[in-house]
Amino acid sequence: AQTVTQSQPEMSVQEAETVTLSCTYDTSENNYYLFWYKQPPSRQMILVIRQEAYKQQNATENRFSVNFQKAAKSFSLKISDSQLGDTAMYFCAFRDAGNNRKLIWGLGTSLAVNP
Amino acid sequence: DTAVSQTPKYLVTQMGNDKSIKCEQNLGHDTMYWYKQDSKKFLKIMFSYNNKELIINETVPNRFSPKSPDKAHLNLHINSLELGDSAVYFCASRSTTGVYGYTFGSGTRLTVV
Chain H
70 AQTVTQSQPE MSVQEAETVT LSCTYDTSEN NYYLFWYKQP PSRQMILVIR QEAYKQQNAT
130 ENRFSVNFQK AAKSFSLKIS DSQLGDTAMY FCAFRDAGNN RKLIWGLGTS LAVNP
Chain C
111 DTAVSQTPKY LVTQMGNDKS IKCEQNLGHD TMYWYKQDSK KFLKIMFSYN NKELIINETV
171 PNRFSPKSPD KAHLNLHINS LELGDSAVYF CASRSTTGVY GYTFGSGTRL TVV
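Chains as they are written, first to last, in our numbering: chain H, 70 to 184; chain C, 111 to 223.
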């Protein structure tokens, strides 16, 4: 069975600094998709970044970037120049490449950005 | 606005009641989902529909019944509500062609008292 593990239940970072959230996953598939979602106190689930497993290049979206290590099955999220608005729960999620497949979620990391 | 919209955002009801949560997406996506987020923030798939056809049905009590009248709507009906049903329920949609991103609704916080 596919699983997603986020080993850091809580993290904190000072404003303007960089923080890395870890995520590992387990799968026997070769082609799949990985996601980081942000859930602020408003409860809305917001896609932060997405990575296709067949792409070697790490995805980046402005201040957010990933370190995708396919062999190690690791998918960490780096947030640069942290802002107060980055305070949220961050969820790592996995989906295999078949159609209509479900997202498998990690337990989340609660990130607090301190002024 | 293009979005996934859920109603209601909050629902407080007594044990034993029957309630429905509605979801609509105007993104033209062909697949819709219901996810449940428990009090510990853990997210789990409940159901998925593709073009009105049930694709995923996880181990969910049969008191929960999804209904998809068309591919833009996926409603969730819950019979005989129990205390353990209290959670946040998220609707999401996705296109199976092109970009494989999911769009989530804002969630419905269900509280059973």
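Hints may contain errors.
Here are the computed lysine to any residue pairs in the SDA-like style, where the Cα-Cα straight-line distance is at most 25 Å [said to hold, decoys possible]:
1) Lys-146/C / Tyr-94/H
2) Lys-150/C / Glu-98/H
3) Lys-129/C / Thr-221/C
4) Lys-150/C / Gln-138/H
5) Lys-171/H / Met-125/C
6) Lys-146/C / Met-156/C
7) Lys-150/C / Asn-131/H
8) Lys-154/C / Thr-87/H
Just so you know, these hints were derived from the structure itself, not from any lab.
(message) Output the indices of the hints that this structure fails to meet, ascending.
(response) 2, 4, 5, 7 and 8
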